[in-house]
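*Asks:* As a plain string of letters, each chain reads:
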Amino acid sequence: GNSVTQMEGPVTLSEEAFLTINCTYTATGYPSLFWYVQYPGEGLQLLLKATKADDKGSNKGFEATYRKETTSFHLEKGSVQVSDSAVYFCALGNSGGYQKVTFGTGTKLQVIP
Amino acid sequence: ETGVTQTPRHLVMGMTNKKSLKCEQHLGHNAMYWYKQSAKKPLELMFVYNFKEQTENNSVPSRFSPECPNSSHLFLHLHTLQPEDSALYLCASSQDSGGRYGYTFGSGTRLTVV
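In order, the protein sequence lines correspond to chains A and B.
Just so we're aligned, residue 1 is where the first sequence starts under my numbering, counting upward by one.
Just so we're aligned, residue 1 is where the second sequence starts under my numbering, counting upward by one.
Keep in mind that the hints were calculated from the coordinates and are not lab data.
Subject to a maximum C-alpha distance of 27 Å in a straight line, what follows is the list of computed DSSO-like cross-link-like pairs (lysine-lysine): (1) B/36 / A/108; (2) A/60 / A/108; (3) B/40 / A/77.
Note that the structure is a prediction, hence the values are computed from the model and not measured.
Just chain A, with the same shape it has in the complex (with noise of 0.2 Å):
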């Protein structure tokens, strides 16, 4: 079945730092990638996607390249805000039929001034 492994977390990181949130997914087929975060006290916002093979989501200063020969579709940032700390989420889905979207377990960053 699919399934996402995301890092641990909490990252915690002074402001204007580098960012990496890595992402591994298992699934059959070519999914669609995505990350999702969620700020405190509100629900997923959709932050990034990509649908096919080394395509690049991006928004709001993040990136991530879907990357089939790895796997992966790690989340990075070259300067984070105060403002980006919030729980990030990864997940797959595939499309066609019922198919759901799977998340990975959330990883908070903290950004500190």
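Fit chain B to the known structure of chain A by using the hints.
*Replies:* Relative to the frame of chain A, chain B by itself:
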């Protein structure tokens, strides 16, 4: 505005009470979902509806009763809950079954059972 609206945002209820959570979307999506998010636990998928029909029930206790009167509205009826049911309940919707485009989530209902 996320496109998916959940009410109420916060709910405190006793173990003998009956209450309902409401979810509404006007995105034209045809699938809707209930998730439970507890502290230090992964997201738990509870129910899935496609075109108003329930297509998945992940062994959820009968004290949780979903209702989907149309593709835009989803309810979760609660009765005789336990303290361990305290959690953030998230509603989501998707254009298809979600696999290709992902979900749109609401802000959640923070439920406390006392």
